[in-house]
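Residue numbers (this note's numbering), protein chains in the order written: chain P, 1 to 404; chain W, 1 to 200.
None of these hints come from the bench; they were simulated from the model.
Being a predicted model, the structure only gives us computed values, none of them experimental.
Don't take every hint at face value.
Label pairs and their calculated CB-CB ranges [said to hold, decoys possible]:
1) P:GLY156 x W:LEU134: 57 to 65 angstroms
2) P:PRO171 x W:MET174: 47 to 55 angstroms
3) P:ALA344 x W:GLN110: 36 to 44 angstroms
4) W:GLN32 x P:ASP175: 30 to 38 angstroms
5) W:GLN110 x P:GLU335: 27 to 35 angstroms
6) W:GLN110 x P:ALA227: 28 to 36 angstroms
Anything over 10 angstroms on all C-beta distances counts as not near chain W; from chain P, calculated [unchecked claim]:
7) SER46
8) HIS55
9) ASP113
10) LEU197
11) THR228
12) GLU231
13) ARG249
14) SER250
15) THR264
16) LYS307
17) GLU367
18) PRO369
19) ALA400
To spell it out: a stretch of chain P is covered by chain W in this simulated footprint if at least three of its residues, at any positions, have a beta carbon under 8 angstroms from a beta carbon of chain W; those stretches are [claimed, not checked]:
20) 35 to 44
21) 129 to 141
22) 163 to 172
Backbone N, C-alpha and C fix where the C-beta goes; we use that ideal spot for every residue, glycine too.
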Amino acid sequence: MTTRHAITAGFVPLLDSALLVVAREMGFAEEQGIDLTLLRERSWASIRDRLAVRHVDVAHILGPMPIAGNLGLNVPAPEMIVPMSLGLGGNAVTVSQALWQRMADNGATADLDARANGAALRKAIEAQAGAALRFAVVHPYSGHNYELRYWLAASGIDPDRDIEIVVLPPPDMGDALAEGVIDGYCAGEPWNTFGVLRRGGHLATVKAAIWRSSPEKVLGVNARWGATNPEAMAALLAALHQASLWCARSENHEALAALLAKPTYVGRDAELLLPALKGALPVGGGEVRAINDFFVPNAKAATFPWKSHALWFYTQMVRWRQIEHTAERQRIAAETYRPDIYRAALKHLGIAMPSASAKVEGALTVETPVGSSGALTLGPDGFFDGGRFDPDDLDAYIAAQSAR
Amino acid sequence: MKPSGLNVLVIDENRIRAAIIEEGLRDAGYDQLTVIDNMHGLARRIADLNPDVIVIDLENPNRDMLESMFQLSRAVKRPIAMFVDKSDEASIEAAVEAGVSAYIVDGLKQERVRPILKMAISRFNAFSRLNRELEETRGELENRKVIDRAKGLLMRSRGLSEDEAYALLRRTAMNQNRKIVEIAQSLVTAASLLDPGGKE
Numbered sequence: 001m002t003t004r005h006a007i008t009a010g011f012v013p014l015l016d017s018a019l020l021v022v023a024r025e026m027g028f029a030e031e032q033g034i035d036l037t038l039l040r041e042r043s044w045a046s047i048r049d050r051l052a053v054r055h056v057d058v059a060h061i062l063g064p065m066p067i068a069g070n071l072g073l074n075v076p077a078p079e080m081i082v083p084m085s086l087g088l089g090g091n092a093v094t095v096s097q098a099l100w101q102r103m104a105d106n107g108a109t110a111d112l113d114a115r116a117n118g119a120a121l122r123k124a125i126e127a128q129a130g131a132a133l134r135f136a137v138v139h140p141y142s143g144h145n146y147e148l149r150y151w152l153a154a155s156g157i158d159p160d161r162d163i164e165i166v167v168l169p170p171p172d173m174g175d176a177l178a179e180g181v182i183d184g185y186c187a188g189e190p191w192n193t194f195g196v197l198r199r200g201g202h203l204a205t206v207k208a209a210i211w212r213s214s215p216e217k218v219l220g221v222n223a224r225w226g227a228t229n230p231e232a233m234a235a236l237l238a239a240l241h242q243a244s245l246w247c248a249r250s251e252n253h254e255a256l257a258a259l260l261a262k263p264t265y266v267g268r269d270a271e272l273l274l275p276a277l278k279g280a281l282p283v284g285g286g287e288v289r290a291i292n293d294f295f296v297p298n299a300k301a302a303t304f305p306w307k308s309h310a311l312w313f314y315t316q317m318v319r320w321r322q323i324e325h326t327a328e329r330q331r332i333a334a335e336t337y338r339p340d341i342y343r344a345a346l347k348h349l350g351i352a353m354p355s356a357s358a359k360v361e362g363a364l365t366v367e368t369p370v371g372s373s374g375a376l377t378l379g380p381d382g383f384f385d386g387g388r389f390d391p392d393d394l395d396a397y398i399a400a401q402s403a404r
Numbered sequence: 001m002k003p004s005g006l007n008v009l010v011i012d013e014n015r016i017r018a019a020i021i022e023e024g025l026r027d028a029g030y031d032q033l034t035v036i037d038n039m040h041g042l043a044r045r046i047a048d049l050n051p052d053v054i055v056i057d058l059e060n061p062n063r064d065m066l067e068s069m070f071q072l073s074r075a076v077k078r079p080i081a082m083f084v085d086k087s088d089e090a091s092i093e094a095a096v097e098a099g100v101s102a103y104i105v106d107g108l109k110q111e112r113v114r115p116i117l118k119m120a121i122s123r124f125n126a127f128s129r130l131n132r133e134l135e136e137t138r139g140e141l142e143n144r145k146v147i148d149r150a151k152g153l154l155m156r157s158r159g160l161s162e163d164e165a166y167a168l169l170r171r172t173a174m175n176q177n178r179k180i181v182e183i184a185q186s187l188v189t190a191a192s193l194l195d196p197g198g199k200e
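Let the sequences and hints guide you as you build the complete structure.
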């Protein structure tokens with residue numbers, strides 16, 4: 001490798017920063033001739049600002065954020081592109097012991113079934129007098145906000161009227177739960193495991209149960225940097241692909257948890273990071289449940305930046321009145337995600353890639369072989385309520401969800 | 001000219017830095033000023049204060065919460081926007097560089113609030129400079145301690161005078177193209193390994 005690239009990447013100390021951390025620490029960036037510098041940030045606002053002034057070239061970022069930025073919702077965001085996802089799933093909903101007790105009285109089980117536990121939460125809310133429950137999410141433009149709202153709404157709970165949703169920094173959520181400031185939260189790891197093991201919380205359900213194989217963090221790239229450094233960007237995608245393979249191997253999970261536990265990265269005990277990697281989560285009361293596809297770093301095209309993922313996020317911005325739908329805005333949202341760059345960068349590796357750039361989300365009920373370029377399986381990718389999102393019929397989806 | 005009438009809130013967990021900014025703003029005539037350095041119940045307090053301008057350290061993990069309050073605008077009655085408009089890239093860069101971020105009530109004229117950001121940026125920079133100098137001084141003190149210990153070891157084990165001991169350290173450092181403090185540290189470490197029960 002003769003050309004060398006210097007790349008600075010921002011990240012927030014969370015489990016799904018794993019691909020960037022592993023690319024640097026396990027030498028995959030070096031193999032691609034990249035000097036990868038990682039800059040740790042404590043808020044998504046800070047990530048956005050540093051991208052804007054080019055303190056960082058790329059960043060581990062919430063999937064909807066680059067879209068919100070390009071739509072002018074999140075100033076001073078630079079124009080951004082998303083040439084890669086950083087895995088699927090990884091979040092959960094944690095509730096206080098008191099709320100869990102009331103949910104359990106109404107039929108909730110430790111199996112975390114989104115339908116049964118959502119119905120139990122609705123009954124618990126209906127039976128309750130006094131102040132509305134308060135749930136926390138990490139950011140308005142986040143998968144957390146949208147999947148929590150999707151789960152609540154499909155369970156018959158109005159997320160704006162029947163409960164209150166606030167934003168909190170994830171490291172504060174466990175304490176807020178224990179102090180009774182909030183009754184529940186939707187966050188990434190290690191914050192659910194932390195809430196359960198260290199703050200007496202109980203899992204209510206998980207992202208993988210609300211929408212299986214669903215998008216979460218992505219690689220956000222300053223579009224100007226990407227346009228002037230296409231080779232560096234392609235090299236980074238190759239390094240991150242290798243990192244995703246490494247993260248997926250079960251024999252590496254212990255080492256990965258230890259690596260992420262370092263103070264420079266997530267800075268929390270490895271025992272709080274391992275459950276998500278193994279897909280066996282402490283749910284509360286000393287019980288552990290195996291969860292299929294809890295966090296998927298590589299399989300099922302987990303790093304492919306589906307335009308249908310971008311468009312689903314966009315439909316939720318419209319649904320929750322963050323923006324009004326227009327054809328132009330829909331186009332901006334779709335074009336933020338760049339599967340073309342992903343394909344061009346990884347083609348030489350001979351890996352199996354989807355031939356389509358968008359898919360009907362929620363259509364696969366079982367694991368399904370797809371594509372022509374090699375052995376690739378997708379799904380299952382179902383929404384818990386049986387919903388389907390056809391990106392070619394976006395107007396109908398938006399109309400249906402606002403009618404509910 | 002009295003700049004005031006503006007209700008300014010400074011949020012910073014670093015009390016010293018918060019005090020420095022507060023002083024600067026008060027000197028400039030901003031007397032409706034509140035400083036919050038404890039993040040407990042922050043959302044409630046912001047809603048109660050209903051500020052026109054918020055200055056907050058860039059690294060504060062509560063910024064996502066803060067921005068969501070403006071967006072949803074349920075707690076804060078008036079919509080608030082980022083202080084610097086998108087076109088003002090130089091100001092954004094200077095602010096991020098200094099580690100400060102600011103928000104204003106929508107509709108306030110930029111020129112009314114620009115001096116506040118300027119003040120915050122210069123005070124943040126002054127604070128960083130102070131901190132850096134303090135770190136350097138601290139580092140120098142540490143280095144001096146290590147060198148003194150190494151000199152002591154040489155004086156005792158080789159019967160050298162203090163000047164001779166220092167000269168030996170300096171000569172060795174020059175020959176090995178290393179810093180005196182590094183040679184001194186190696187000597188102190190070696191001595192403690194050879195004599196674990198010793199003073200070092």
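Regarding the assertion that HIS55 (chain P) does not contact chain W, is the least Cβ-Cβ distance greater than 10 angstroms? violated, 7 angstroms
Coverage criterion applied to the segment 35 to 44 of chain P (partner chain W; beta-carbon cut 8 angstroms; 3 residues): With 4 residues close enough to chain W, the hint holds.
Tell me if the beta carbons of GLN32 (chain W) and ASP175 (chain P) are separated by a distance inside 30 to 38 angstroms. holds, 32 angstroms
Determine whether the Cβ-Cβ distance between GLN110 (chain W) and ALA227 (chain P) falls within the hinted range of 28 to 36 angstroms. holds, 30 angstroms
Exclusion check [LEU197 (chain P) not at the chain W interface, CB over 10 angstroms]: holds, 22 angstroms
Taking the beta carbons of ALA344 (chain P) and GLN110 (chain W), is their distance inside 36 to 44 angstroms? holds, 42 angstroms
Cβ contact check, 8 angstroms cutoff: the segment 129 to 141 of chain P against chain W, three residues minimum: This one holds; 3 residues, not fewer than the three required, reach chain W with a Cβ under 8 angstroms.
Beyond 10 angstroms on every Cβ pair: is that true for THR264 (chain P) relative to chain W? holds, 16 angstroms
According to the definition I'm using, a residue is off the interface if its beta carbon is farther than 10 angstroms from all beta carbons of the partner; does SER250 (chain P) meet that for chain W? holds, 33 angstroms
Do the beta carbons of GLY156 (chain P) and LEU134 (chain W) sit within 57 to 65 angstroms of each other? For GLY156 (chain P) and LEU134 (chain W) the Cβ distance comes to about 58 angstroms; the hint holds.
Least C-beta distance from SER46 (chain P) to chain W larger than 10 angstroms: About 6 angstroms separates SER46 (chain P) from the closest Cβ of chain W, which leaves it inside 10 angstroms; violated.
Given as non-interface: THR228 (chain P), partner chain W, CB spacing beyond 10 angstroms: holds, 17 angstroms
When the structure is compared with the earlier hints, violations turn up for hints 7 and 8 and for no others.
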